[in-house]
Amino acid sequence: MHAAILTDTTKCIGCRECVIACKKENRLPPDLPRRWSRDDGLSARNWTSVVEGPGGAYVRKQCRHCLEPACVASCPVGALTKTDLGPVVYDARKCMGCRYCMMACPYGIPRYDWDQTVPYIRKCILCYETRLKKGRQPACTEACPTKATIFGDRDELIELAKARIREKPDLYVHRVWGEREVGGASVLYISDVDLKFLTYNRELPPEPMPQRTKLAMNAVPFTFAGVVAAMAGLNWIIDRRRKLQEHPEGDEAPQEGRSNG
Amino acid sequence: MSLESWLDFARGPLFRLCFSLMILGLLRILVLTILGMKEAWDRSADKIVPWRDLTVQTAKWLVPVSSLWRKRPIYSAVSVVFHAGLLLVPLFLPAHVLLWKRAVGFAWAELPQALADWLTLAAVAAGLGLFAGRVFHSAARALSRRQEYVWPLLLVVPFATGYLCSHAVLSPRAYQWLMLLHVFAGNLILLLIPFTKIAHCVLFPLSQYVSGLAWKFPPRAGQRVAETLGYADRPTWVERPRVATDRILTPTEEA
Amino acid sequence: MARVRRLKFFLWALTGLAAAVGVFRFLFGLGAATNLSDAYPWGVWIGFDVMSGVALAAGGFIVTATVYIFKLERFHVIVRPAVLTAFLGYVAVAVGLLFDLGLPWNIWHMLIYWNPHSPLFEVGWCVMLYLTVLTLEFLPVPAEEISRLASVRRFLVKIRLPLVIAGIGLSTLHQSSLGSLFLIMPEYLHPLWYSPILPVLFLVSAIGLGLAMVIFESHTTAYFYYRKPETHLMASLAAAARWVLVVYLALRFADLAWRGQLHHLAGAGWQVWWFWFELAVMAFVPIAIFSLPQTRRNQTWQWAGALFGVAGVVLNRVNVGGLMHQGRGDRLYWPSWTEITISAGIVSAAVLAFLFFIEHFRVWQERPVDPEADPRKLPELSAVGATWLGVPVVANRTVYSLAFVGAAALGFALIHPQPASSRGIVPVPVHNARGADVLWIDGNLDGYGVAFPHADHEKREGGKKSCARCHHMNLPRDKASPCGVCHRDMYAPSDAFRHDWHAGPRGAALPCVKCHTPGRPRTKETAKTCDQCHKDLVAEGAVIKVKQYQAPSYTEAMHRLCVGCHVERAASRHKPDMPRCAWCHKERRRFVDAPDLDFRGLRAPGSEVVLPPLPESKSKR
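Chains as they are written, first to last, in this note's numbering: chain A, 1 to 261; chain B, 1 to 255; chain C, 1 to 621.
It is possible that part of the hints are untrue.
As the list claims (entries may be wrong) - Label pairs and their in silico Cβ distance ranges:
| hint | chain 1 | residue 1 | chain 2 | residue 2 | range |
| --- | --- | --- | --- | --- | --- |
| 1 | B | Leu3 | C | Arg6 | 39 to 47 Å |
| 2 | A | Glu159 | C | Leu251 | 41 to 49 Å |
| 3 | A | Val51 | C | Val272 | 25 to 33 Å |
| 4 | A | Pro145 | C | Trp108 | 46 to 54 Å |
| 5 | A | Arg242 | C | Thr220 | 31 to 39 Å |
| 6 | C | Thr220 | B | Met37 | 49 to 57 Å |
| 7 | C | Gln326 | A | Pro30 | 54 to 62 Å |
| 8 | C | Val426 | A | Gln137 | 50 to 58 Å |
| 9 | C | Pro427 | B | Gly105 | 17 to 25 Å |
If you are wondering where the hints come from, they were derived from the structure by calculation, not from laboratory data.
Every residue, glycine too, gets a C-beta built ideally from N, C-alpha and C.
Whole structure, please, built from the sequences with the hints as guidance.
Put into structure tokens, the structure is as follows:
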């Protein structure tokens, strides 16, 4: 199975039980709005939050656990990994604090311990260590009183989401967010409002972000080999021409009088 | 600005400036002195320095009971009391320890308040006594520079104001003025320490060695050598067998 | 040498200031020392120190290629300065990175934990390798002076060609990979800057502007050391730089046209102006200066053109590195003075190192000699006072160390050390509740308020006598002071005690010893507590106990007051929802839009309560 979460914003009443459950489960200390906080309530100490969308809709915000995550592709030390089970998890021992993942994430999810002398990246890990591995669902979905956010297999949840949309086509926007954007995600949304505001009104492209760098990264060894070979070759040619200029051998006439010396 | 905010400024940014300037300035002068000693050592021809004697001398000066004790007992005693007050009270006064604890989060042992009070009074008296000694002792007067008169008086100011602040029954306004004077005088002292003779608080262990090395140069030695060589009109040079600088050529020599 | 001495004084001062700020950064963390945020995690340390630093150090590989591969021997005189610039540039990049990384002691993790998909991984490895190559390329210069290193020097000279070729390969890779870093964030970077060929653009601009940096460096040092400028040689470099920049411009516009993004140029917005400004500084002006024969052969013009190029490349890298990112939140990033100081200090230290190498080793054909600063001058002795060892040894280091120490102390004074718990908290003033029987409590006026049935609570708690159970620390002769009088900040704990009301000349003007014990430190801790004088301050059965003078923050005070009671009552009245947030925080609405609340006397027809505008917040149902 591929662990996933489906959030139906029409069912959310904004009680923030998921937020409290998350904080308890991950033992996160209390938080205050800081100078470095974004306006969405997520922070190094709040891994999920409920934000208010257009028309007063409550929308739960958290890491999407993309199928091809930009953060995983960008981390130079591989501190972030996409597990087989689904969640994107973080190994604090490997991290060196470059914050490239924060730059790269198309949803702007990872947060940083700005007030700490020894800071780490913080984000939702789908309760991987404490619950998922033991076959239990994440704390947030368990705590939700209206079943607005539910846990399950990704394919089944997509089916469920589409069934709900079919059932009430007038209520929902005909789209499952997270199914296709940037290659798809493990956290899905259906809603009665446009969820573009979650990505600051940018429409995300369907192709995964890491594909953009793949071409450049694949060219690296060839570029190196090419440049080195070209330089060595040029060096050899120019050396030889200079030698020929100085001591013309046999029939070979000196090249036309370009001054390389 | 109100008095309170002046006090906050003097205790906050101004104190941090003066205190860090004192620490860094003392470090600087220590390093500069050691570098100067090394230069002197490199320049000296014979490298015969009585290290042992100099060390013994340093140790002797460190003990308050020394030859000076027999020659000028009152001066010595006053001086010891003055130093004890200067060193102990600012560092271990309960109120000061409290300030440190607030600023850096940890504290250290504190003097009993009564002892601190007595030390303060003694330091004030000793400071005034030392000043009087300078003024009325003709030999001392002959040796004194201006800063020598200023220092005992300046050092007395924070002690006196500090004592008044914590003991006299004052109106809040008078208290704040005195406290402001106390903090500003303290800051001024911190600021001046590395640039005046008070730098002996870190240079003291070196002073004997500095003299030992420096005495290897008779005054105007270089000039005399130049005269002997007949180069009196030229700047004086010596050959120095060192690696890093010996390859530097003056423009004339290079030409 | 007065120019150099003045320059060095200034540089030492900057380095000292940065040293103090650096201590601050490592003691207190990134949040305290920078204006970086969750929305802008990269700032000037990446944009300037790392990305611009690497680009400006490109002169090293270009000049070595020119001389050792293309055998243009007349450029041999600038190989050593160029390699030294590159070497120090990369050292500065590494140092800058140490400041920027959250866990700089883990920087070596890139050696053992690999992620070859990451452009940053590739950049990191190339920079490390190239720094090694540069060290080996430059080592022969100091090795000339040290006899023990003679054999090392001979070996290094022998392997110079492979080193040069490796250096060119590595430079090509990481100069371009710095551009690849931003390929993964197409939706953030402005379309005028984002391009799939960013790596190529970065490489080409680095070549052009690496040449500009060589020109700039040559003329600047010539000025400071009263040296004969290498104007003729630099004119050739300028000519080359011009062509590279023309290629760069062509690539950039061709890319925009090919991707169909040219229409952005016709659009409005400051980004378009900024785009033209960047291109003008980076390319148009240098190309113009380097193209006209009169200006190309003139020393001052060369210097000006190179300066434009250098400023332009910094601008470009800062733009791509964060300034031209959109959709990262509404607040723009602007570096703090501490960030700028660290960057300036790193550059200053690198320049000082550069001057050191110039003065002590044969980076140039000749070594600059200060006629006043000859270390072989004998000391001057005075009868009383200091022994003057002369300008050379003593004056310089005395003055420079003074500059360093003074600036560092200034840095420590300017820095405001805050406890970690209060760092970065935005001060939010507290506004008093409004209403009568039902109070609308919205301390920060953000629209999220609590409708508090005040009359109801009063009745329940036992009438007027019960006021003091909640209204603690009330002002003299006032039984119900509003919360905002003491809790003046939303989140930070505040002071409930007013010293000037007690001791000030316009207050009670009490003598100090009324509260403070004589002979004890005069602090809050050693003074009498409030209730020793104000006997009736805390009522019988009060919810809040006065222990210290410090009042909790507004939000905390409200929560502590309410939640405690609600938890107690929840059990006794079988209402488990009572302590939950939503029991009081029901929904977002404006004070004036609340029809179900009885705001007695405040909702007279036509009366408009002035409130800040709220974002769209209509009730859903």
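Unsatisfied constraints (hint numbers, rising): 6, 7, 8
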